[in-house]
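Undergrad: The opening residue of the sequence shown carries number 1 in this note's numbering; numbering runs sequentially from there.
Bear in mind the hints are in silico, worked out from the structure with no lab data behind them. Predicted model only: the values in this text are computed from it and were never measured.
Straight-line alpha carbon distances no greater than 25 Å define the calculated SDA-like cross-link-like pairs of lysine to any residue that follow:
#	residue 1	residue 2
1	Lys91	Thr126
2	Lys91	Ile20
3	Lys91	Leu21
4	Lys91	Thr65
5	Lys91	Thr111
6	Lys91	Glu79
7	Lys91	Ile72
Pairwise CB distance ranges (calculated):
#	residue 1	residue 2	range
8	Pro63	Trp34	25 to 31 Å
9	Gly37	Gln98	34 to 40 Å
10	Pro63	Gln36	24 to 30 Å
11	Glu97	Glu33	29 to 35 Å
12	Gly37	Ala110	18 to 24 Å
13	Glu144	Asn67	30 to 36 Å
14	Ala32	Val114	15 to 21 Å
15	Trp34	Gln94	34 to 40 Å
16	Thr16	Gly37	32 to 38 Å
Glycine is no exception: its CB is placed at the ideal position from the N, C-alpha and C atoms.
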Amino acid sequence: DSVLGDDLPHEVGMVTLSLILPAPGPTTLGFAEWFQGYQHRGLDIGHGIGTALVYPCTGPLVPFTNNGDFGISVCILSEGLYVLVAHMSHKLGQLGEQARQGEPMGESGATGRVFGAHTHIQVCTTPAFPTDISYSRDPMQYLEEPMTPEEKKKLDDVWKALCAGNELELELWNSGGNS
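Start from the sequences and build out the full structure, keeping to the hints where you can.
TA: Below you can see the structure in the form of structure tokens.
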């Protein structure tokens, strides 16, 4: 059986969207999973409040529809798709600024309609982010191939620098609890 979104094109025009996760962590709710009577339109990654986040892709920060459910969040227009990162406790960028993949974006949180701290990442064809799942795409299909050791070290270094003030997160990272 095919999974919802498997038959959707991975490319927009001639360019392929390429994502990285904003921070390491386990998937707590996947794309198209049923939750409270609707199909989840993104990917939830579990981590504590204050976990350092990096931009998942490159592009300008753009306005989007947020009725409060997404809490503190950012939307990046990248390769013709809208990439939302939501439920943050703090964000660094402002509308119109250029996001650069892997650069500091802010910190995870539990803002908006949530039951606990996590980061929500969603890919959509419209900045309205409607409840109709047909406008959403599974973020997993856009994740980059496994990182080279050099890329992983760069991401690790950025992440460590961002969480340097949070000794518990840094201790977990250094002990190998980052997978």
